[in-house]
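Following the hints, put chain B in place on chain A, whose structure we already have.
In the order they appear, the protein sequences are chains A and B. Numbering follows the numbering used here, in which position 462 of the first sequence is assigned residue number 462; successive positions increment by one, without gaps. In short: position in the second sequence from 1, add 1000, done, that's the numbering used here.
Hint data in this document are derived by calculation from the structure and do not stem from the laboratory. Since the structure is predicted, the reported quantities are computational estimates derived from the model, not experimental observations. Among the clues, some could well be false.
As the list claims (entries may be wrong) - According to the in silico footprint, chain A covers these stretches of chain B (three or more CB under 8 Å from chain A): (1) 1018-1031; (2) 1041-1052.
Stated by the list, open to error - Taking lysine to any residue pairs in the SDA-like style, the calculated list, with each CA pair at most 20 Å apart, reads: (3) B:Lys1171 / B:Tyr1186; (4) A:Lys334 / B:Lys1131; (5) B:Lys1332 / A:Tyr186; (6) A:Lys168 / B:Glu1227; (7) B:Lys1048 / B:Lys1073; (8) A:Lys167 / B:Asp1200; (9) B:Lys1221 / B:Lys1167; (10) A:Lys63 / A:Glu18; (11) B:Lys1334 / A:Lys334; (12) A:Lys48 / B:Ala1338; (13) A:Lys19 / B:His1013; (14) A:Lys332 / B:Tyr1260; (15) B:Lys1131 / A:Arg10; (16) A:Lys131 / B:Phe1052.
Idealized CB from N, CA, C, for every residue including glycine.
Number of protein chains: 2
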Amino acid sequence: MDDFRPLPSRELHADFLEKVVQLLFKTVVFTTRQDKVILWRSPEDLEKQFDFEVRQNGESQEKLLQLLKDTVKYSVKTGHPYFINQLFSGLDPYGLAAQWLTDALNASVYTYEVAPVFTLMEQHIINEVCKMIGPQWSDGIFCPGGSFANGCALNLARFHRYPEIKKKGNKSAPPLAIFASDECHYSIFKFSALLGLGEDNVVTLKANDVGQIIPEDLERKISECIEEGMVPLMVIATMGTTVRGAFDPVNEISVICRKYNMWLHIDAAWGGGLLFSPKYRSKLNGIENADSIVINPHKLLAVPQQCSMLLVKDKKILHECHSRGAEYLFQKDKYYDATYDVGDRYLQCGRKCDVFKFWFMWKAKGAGGFASHIDVLMDLAAYFESQVSLRPEFALVSERQYMNVCFWFLPRYLRSRPNIADYHAQLQKVAPQIKAVMVNHGSVMLNYQPLKSLPNFFRFVSQNSSLTTRDVDFILDHIVEIGNSLFK
Amino acid sequence: MDDFRPLPSRELHADFLEKVVQLLFKTVVFTTRQDKVILWRSPEDLEKQFDFEVRQNGESQEKLLQLLKDTVKYSVKTGHPYFINQLFSGLDPYGLAAQWLTDALNASVYTYEVAPVFTLMEQHIINEVCKMIGPQWSDGIFCPGGSFANGCALNLARFHRYPEIKKKGNKSAPPLAIFASDECHYSIFKFSALLGLGEDNVVTLKANDVGQIIPEDLERKISECIEEGMVPLMVIATMGTTVRGAFDPVNEISVICRKYNMWLHIDAAWGGGLLFSPKYRSKLNGIENADSIVINPHKLLAVPQQCSMLLVKDKKILHECHSRGAEYLFQKDKYYDATYDVGDRYLQCGRKCDVFKFWFMWKAKGAGGFASHIDVLMDLAAYFESQVSLRPEFALVSERQYMNVCFWFLPRYLRSRPNIADYHAQLQKVAPQIKAVMVNHGSVMLNYQPLKSLPNFFRFVSQNSSLTTRDVDFILDHIVEIGNSLFK
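Isolated chain A, as found in the complex:
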C-alpha cells in the first residue's frame, strides 16, 4: 500500500449513480396516477420473491441495479397521490434535491466546525418559526421524530420544576403527574415510561365528542391528584390530534397551568404547520402560551422524513437540562466561539442534518408557497367532508376540525339502522375488508382505525396538494364500488 489509493472516482462510480438516478426518476420520483401505490405481497411471498440474503462476496453492478429495481417494485410509493395512510405523503422535488445533497455531504450536526452551514441554518429556521409563534419565543432543537421531541418536552418540564433530578434521579422529587387527553399521541405514554415517571402517572382526560380536552375536567383531575399527594407537573395539549385532528382549547388550559404552576407542552406535530397559513393561523391561537411546542414540518408541510422541531420558551433550559460537556467534542479552547457548538444542547451525539430540506423548500416556495399548499389541502378536506355528508353510503364520525375527515362506509343493510343488535360488530368488519381489497388492487392506501368505543372508520388526510376534487370523487367512488361488492 505504498501509493495513494484511488478514491471513489467518476470513472468507477458516476455511471452507476447516474443509472440509479434515472431509475428513480422513472419509477419513484415522477409517479403518476396510473401507477400503483403498492404492489402488494404478503410477508411470506415477499420473502420468496426478493433476494434479501447478504453474502461473503459482492455483487456485480448489473445485479445491484436489479436489486434497486426490485426494492422500488415492492415498496410503497408514499409520494403517490393515493397514499393517504399516514400523516405524511407527497414527494417534493426540492425537498428531495436537498436530501440528496445532505446525503452527499454526509454531515453530522454537533459542532460548528464539522457543519458550519447547517449549524447556522438550524438557528435561522428555529428563529423564523419562533417568530411566527410569538415574541417570547426563540429557541429549539431538531429531533428524530415527534415522539422523541415529545419525550424531550417531558424531560424539560421535569427539569424546570426539579433540576436536581438530572443528577439525583426521580427519587429526589415528589411523585409527579402528567395530564393528557385520551386522544393524545401514544408517545406521551412511551416516554413517560422511559423517563421513569410511569405510564400510570399520565392522567388521561376523557375527550369530548370531537376529541378535545374539557378544561373543567382537567382542573378537577388536577385537584384530585393534589389531594392524593402528587405534584401536577404538566399538561400535554394537542393541536391536531392524530386520528380526528382535534385542537385542544389551549387558552383555557394555559390559564389552568399558570394557576397550578404547571408546564404546558403543546404537541402540534400535525397542526403546527398552520403557522404558515394566514387563512388558518387562528386555529393555533394561544399556542404562544405554551412552554414547549413540537412541530413536524415533515407532516403538514410535506418536508421529507424526518423533520421535527421542539421549540421552547426558556432560552437556557435546553443547555442546562441536556448538557454534559464531553471534552473530546466540545473543547473549550477552540479556534472559534464555541457557543456555536450546539451539540451539547441535544441528547443525541451524532445527528443527521434535518434542517436543510426544510430550509431549501422554504427558499423554493417561499412562506407563501407553504400557505397555498395548506389552503389547497383545507379546501380538499372540506370537499371530502361535504361529499361524505351528501352521499348515503357514508357517515361522518365527528365534525371535521382540520384536515382529518373520519368516516364510515355503511353497507346497505346498516344504513339508517344504528339500533340493530350487532351494528357495532358489523361495522367493525367493514373498513378492514375494504382496505384489504384496495391494497390488493394497489389502487389506494387509506388508513382505518377504531377509536375508543367507535368501531373501525376510515381517516382521510392528505399532505399532497396535487390532489383535486376529482381525486376525492375517485377515492369515494372506489370505496363505494368495493364496499357494495363486498357487502350486499
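Here is chain B on its own, set in the frame of chain A:
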C-alpha cells in the same frame, strides 16, 4: 380545482434534479486529495457570506442552484481523505446510492404495509449481525444514533429487573446504580438523567493506563453500593472507547455481572464492526456474554449517517418494554399477519429507513469487502503509530489498541523535558493552535482533546480505506511543518 392537478413532473423538475446531481458529482461525491476539506469561515463571516434568510416568495431555479453550490462550498467534505475529525468519514458510492433511493421512497418504517421491503430487510440484517455474535442472539432494533441506542439499553436493563417501572415509575423500585468507566461515552450520563436514574448514580470506574475498566475495582465498587443500600443494576462495558479505542475486559466483567445478577451492556458502537474481520474478530471475544450491544455500522463500516443497531439477547424484551399498542397504527384486524408490524417494539413512531444503505453496501462489497476495508484501516493505524513512535517530534499518549492513535506533537523546547514546571500547560496549547492553522488552510481536519489529566492530544482515526501510508506521511509532515513554524 376541478381538474386533476399535475404532480411533480419530469418536464418541470427532472432537469433541475439532474443539475443537482451533476453539481454533487462535481463538488462533493468525487472529491480529490487536491480539494480542500473545508473552506473555513468564522460564524460571523459565514452569516455575511451565505444567504440564509427565508422569505415570503420562492426563488428561481437558477438562484436555488446557486444556493446549493454555496451550501457545498462552505460545508465540510466529510468524504475527503483528510477529514479525520470524528468516528465517521469516507463516502461510499453504494451507500450514497442507497440513501438516494431511500429518500425518493420517503419511507417510514413502522408497519409492514407501508414499508414491506425494509421491514423484512431489517430483520434479515439484524439476524445476520446477531449470527456473528453468537447462537443465543437474534433480536434488535435500529436507532437514530448510538447515544439513543445506549439510552434504550439502560431502559431495557431497568425493565428486565423491575418491569413494574414501566407503569409505576422509578419510585416503585429501590435506588439503582449503573457502572461505567470514566472513559465511557457521555451518552450514558445523558440518558441516565433522561431515565430519571440520575447522573450521580452512574458510578464511574477509574480506567487503567490504557483506558480499560479494572475488574477488581468494579467488584469493589459494586460491594460498596450494596452496602449503601443501592441495587447494582448494570455495567456498561465499551469495546472501542471514543478517544483511545480501548476494549474493556468483557469476559471478566460478565462473570461479575452474573455473580451480582446485573445486566451487561456493551457499547461497541465503534468497535463492533470488527465482527466482519476474521483477522481482528478476536478483539470482540466475550461480546456474546452481554445482554445488549450497540453497534454503529456508520462508524467503522463507513455506512452513511445514521445507522446504529441495538441488539438484545432476550427475544421478548423489546416488545414488552416498549409497546403501547396504539390502535390507529397497529390495528389487530389487519389483512396480513400483524406480528410483522415492528413499530411497537420501538420508542419512536415515524422512523427513517436506516437499514437499506447498510444492506446495499453489504450486497455491493460482500462481508469480505468489509473485512478488507477493516484490515486496510488496521494496517494504516499500525503504520501511523509506528511513525509517531519513530519520529522525535511526536509522542504516543498510550499504546494503540485499535484504530485510534493518540499522540502529541512536541515543540522542540518540550522534547525530552517532561519535568519542566509548566510542561502540561505548554503542551495543552499546542494541538489547538496547530488545528487552527490546518483548518484555515483547509488541508486536514484532525480532532484533538484533553483526557482527564492528559493535556490536549491529537487522535488519528480513519474509516476511509482509500488512505495509504503516503497519506499518513503527508499528515505527519504537515503537522511537523505547522508545529515547527508555530513553536520555535
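Each hint tested on the structure:
1. 1018-1031: Since three or more residues must qualify, the claim that chain A covers the region 1018-1031 of chain B holds, with 9 doing so at under 8 Å.
2. 1041-1052: holds (count 7)
3. B:Lys1171 / B:Tyr1186: Violated, at about 25 Å.
4. A:Lys334 / B:Lys1131: violated (44 Å)
5. B:Lys1332 / A:Tyr186: holds (16 Å)
6. A:Lys168 / B:Glu1227: holds (19 Å)
7. B:Lys1048 / B:Lys1073: At roughly 14 Å apart (the allowed maximum being 20 Å), B:Lys1073 and B:Lys1048 satisfy the hint.
8. A:Lys167 / B:Asp1200: holds (5 Å)
9. B:Lys1221 / B:Lys1167: Measuring from Cα to Cα gives roughly 30 Å; hence the hint is violated.
10. A:Lys63 / A:Glu18: OK: A:Lys63 and A:Glu18 at ~16 Å, within 20 Å.
11. B:Lys1334 / A:Lys334: Violated, because 56 Å separates the two Cα atoms, which is more than 20 Å.
12. A:Lys48 / B:Ala1338: holds (19 Å)
13. A:Lys19 / B:His1013: holds (17 Å)
14. A:Lys332 / B:Tyr1260: Roughly 40 Å between the alpha carbons, so the hint for A:Lys332 and B:Tyr1260 is violated.
15. B:Lys1131 / A:Arg10: violated (36 Å)
16. A:Lys131 / B:Phe1052: holds (16 Å)
Against the hints set out earlier in the document, violations occur for numbers 3, 4, 9, 11, 14, 15.
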